[in-house]
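Chain by chain, the residues:
Protein chains: 4
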Amino acid sequence: MLPVESVETLSEVSLVSARRLPRFRPWYGAQVRLQLQPSLSSADYAYSHRLRVRFAETDAMGIVHHSRYLPYLEEARVEYLRHLGHPYTELRAEGVDYAVLEAFVQYRQPLRFDDVVHVHLRLGAATRATFQMAYLLTVDDDVRATAVTVHGCVTADGRPTRMPAWLLALSD
Amino acid sequence: MLPVESVETLSEVSLVSARRLPRFRPWYGAQVRLQLQPSLSSADYAYSHRLRVRFAETDAMGIVHHSRYLPYLEEARVEYLRHLGHPYTELRAEGVDYAVLEAFVQYRQPLRFDDVVHVHLRLGAATRATFQMAYLLTVDDDVRATAVTVHGCVTADGRPTRMPAWLLALSD
Amino acid sequence: MLPVESVETLSEVSLVSARRLPRFRPWYGAQVRLQLQPSLSSADYAYSHRLRVRFAETDAMGIVHHSRYLPYLEEARVEYLRHLGHPYTELRAEGVDYAVLEAFVQYRQPLRFDDVVHVHLRLGAATRATFQMAYLLTVDDDVRATAVTVHGCVTADGRPTRMPAWLLALSD
Amino acid sequence: MLPVESVETLSEVSLVSARRLPRFRPWYGAQVRLQLQPSLSSADYAYSHRLRVRFAETDAMGIVHHSRYLPYLEEARVEYLRHLGHPYTELRAEGVDYAVLEAFVQYRQPLRFDDVVHVHLRLGAATRATFQMAYLLTVDDDVRATAVTVHGCVTADGRPTRMPAWLLALSD
Chain A
1 MLPVESVETL
11 SEVSLVSARR
21 LPRFRPWYGA
31 QVRLQLQPSL
41 SSADYAYSHR
51 LRVRFAETDA
61 MGIVHHSRYL
71 PYLEEARVEY
81 LRHLGHPYTE
91 LRAEGVDYAV
101 LEAFVQYRQP
111 LRFDDVVHVH
121 LRLGAATRAT
131 FQMAYLLTVD
141 DDVRATAVTV
151 HGCVTADGRP
161 TRMPAWLLAL
171 SD
Chain B
1 MLPVESVETL
11 SEVSLVSARR
21 LPRFRPWYGA
31 QVRLQLQPSL
41 SSADYAYSHR
51 LRVRFAETDA
61 MGIVHHSRYL
71 PYLEEARVEY
81 LRHLGHPYTE
91 LRAEGVDYAV
101 LEAFVQYRQP
111 LRFDDVVHVH
121 LRLGAATRAT
131 FQMAYLLTVD
141 DDVRATAVTV
151 HGCVTADGRP
161 TRMPAWLLAL
171 SD
Chain C
1 MLPVESVETL
11 SEVSLVSARR
21 LPRFRPWYGA
31 QVRLQLQPSL
41 SSADYAYSHR
51 LRVRFAETDA
61 MGIVHHSRYL
71 PYLEEARVEY
81 LRHLGHPYTE
91 LRAEGVDYAV
101 LEAFVQYRQP
111 LRFDDVVHVH
121 LRLGAATRAT
131 FQMAYLLTVD
141 DDVRATAVTV
151 HGCVTADGRP
161 TRMPAWLLAL
171 SD
Chain D
1 MLPVESVETL
11 SEVSLVSARR
21 LPRFRPWYGA
31 QVRLQLQPSL
41 SSADYAYSHR
51 LRVRFAETDA
61 MGIVHHSRYL
71 PYLEEARVEY
81 LRHLGHPYTE
91 LRAEGVDYAV
101 LEAFVQYRQP
111 LRFDDVVHVH
121 LRLGAATRAT
131 FQMAYLLTVD
141 DDVRATAVTV
151 HGCVTADGRP
161 TRMPAWLLAL
171 SD
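Residue numbers (the numbering used here), protein chains in the order written: chain A, 1 to 172; chain B, 1 to 172; chain C, 1 to 172; chain D, 1 to 172.
Hint data in this document are derived by calculation from the structure and do not stem from the laboratory.
Watch out, some of these pointers could steer you wrong.
Residues on chain A that point at chain D, a partial pick, calculated with CB under 7 Å [claimed, not checked]:
{"hint": "1", "residue": "Ser41"}
{"hint": "2", "residue": "Thr58"}
{"hint": "3", "residue": "Ala60"}
{"hint": "4", "residue": "Gly62"}
Where a beta carbon is used, it is the ideal one built from N, C-alpha and C, also for glycine.
Isolated chain A (complex conformation):
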């Protein structure tokens, strides 16, 4: 059972034509669509990263501000890449970045100051230039949020580039 059920991503055609456009143009007008269904079971995820909520991440509602989940997902991705033997700093040193093309978060129950959050994640569908990741956030095995991000491999000057083979091999 896939956490991400069905995905339409950048077509080959749009990627080819995109290469003639200026920096980051490729995604302009792209028909990226997600049908998101990240699993609610942590057993369906390949990796888990633990972090603790900072006070600075809360807001006047007394809960973690919704914008603060995205750096949590990013931190988990970075740790996952390190775990896979491909630290993000090395990728960046080689001139490859994983630009975020889309992000979707479903906030199911709030996170609070000092909560210990487990960010479970797995690589979902991939094309030659994009990949998706699904996330489950839990506190004490209690579901707090799910999320999906879509990434494009880009060079230092923002042009789309092929995904590393090792990353493609890990995808669904």
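Keeping the supplied structure of chain A fixed, place chains B, C and D upon it in accordance with the hints.
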């Protein structure tokens, strides 16, 4: 033409049973789904808010970090409510909050330091306890991002409550 | 050898009169002055907390944005209180907050994405209602920043209150 | 009456020797000291920038998080430079950055969501490679905070460089 084409939200049933659950429980397990298609034409939006990118919002890729778009959307919502004569501070003083249930952002072209961004927004579909907003972010009439957020009206202790009539009246 | 050499803080007089003023008024006009000299030797600090720089914390100069150091200091304080057996969540549950009255940071060398930072800290001078903390930030034993924060114990509605005895006992 | 009463900054000697050290080394060990006394009267400031507090900038104490003041100061500096006819984007395009060497904030009364804040600022003392700025933050003419920042002019690869003549001419 609707910016948000089709939406399934919290069912009445889940809302009723949710009332017996502790704080913020209502959304746990809720089957909220978006089919997102915010219009790329600013003419399709009801309101526009202008802001300027801060240096603190950029990241080491030289562009605005993807998490920083969500506060932009929030700032635009707050200004829209003020424009409608219902400042968010008054709503909060009355014990009503608009919790964010879902957020989706499509990053089409990057934003950079000092860019003047227009956040166009409109109210999309609404139910008795939730509403959606669609967004278009432009710089010099150039599309940079689109987004959708789903909100639930909650009381100060996190229980879902009916939407104000004036808000319901504005929805599609 | 003290990391904080000499400190003038809120006088008793201003604190007494402050109690009659509305929420948070106490600090208005207060003559708080620091002469800051946090030690550059990690051996002079009571506690050390380790954290890793997130990509989201960098800016377009390719380094950690200067505003991002303050949450690092806060995270280290929270861990120090936990280490002392007085978790901040408990203090907050008892209605006590440690409001930040002043913060000073000296940026000596930049922090970068993925750096593992050690935040060394110690309690400095304390009065009956305020205390100071000194910090040293290192990466691989290399000094990156020093900092001092001044805190006031306040009740949930913002009035100054006496420091817990255990905290006073720890101060210089 | 000067907002910044007395300042000792990087000595010529340390700057000269610093040039032989690697990126950002110059400040390592530098004896920068502030004696801070920003004026509490807005009439003593050269420029004022208006901004509104975002909900995302509040924390679970219901007030603006203390780390969020630094981006406010930065935003005001950027607008001041634009007002002077020297937009920061142009300076950056010419390869000059104003690295933050020190920051000091005195939090006198809290800021809250939706507050309209006036950030008053003025250039303080300057040397050939550093300058200081003093700030007063007010809401409805009520003092909320004062601050001082110390900046160093650096090239794109982090070496100290001379301040532009127009900036030096503006200093005390």
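Against the structure, the hints:
| no. | hint | in the structure |
| --- | --- | --- |
| 1 | Ser41 | 31 Å, violated |
| 2 | Thr58 | 4 Å, holds |
| 3 | Ala60 | 4 Å, holds |
| 4 | Gly62 | 5 Å, holds |
Of the numbered hints given earlier, the model fails hint 1 alone.
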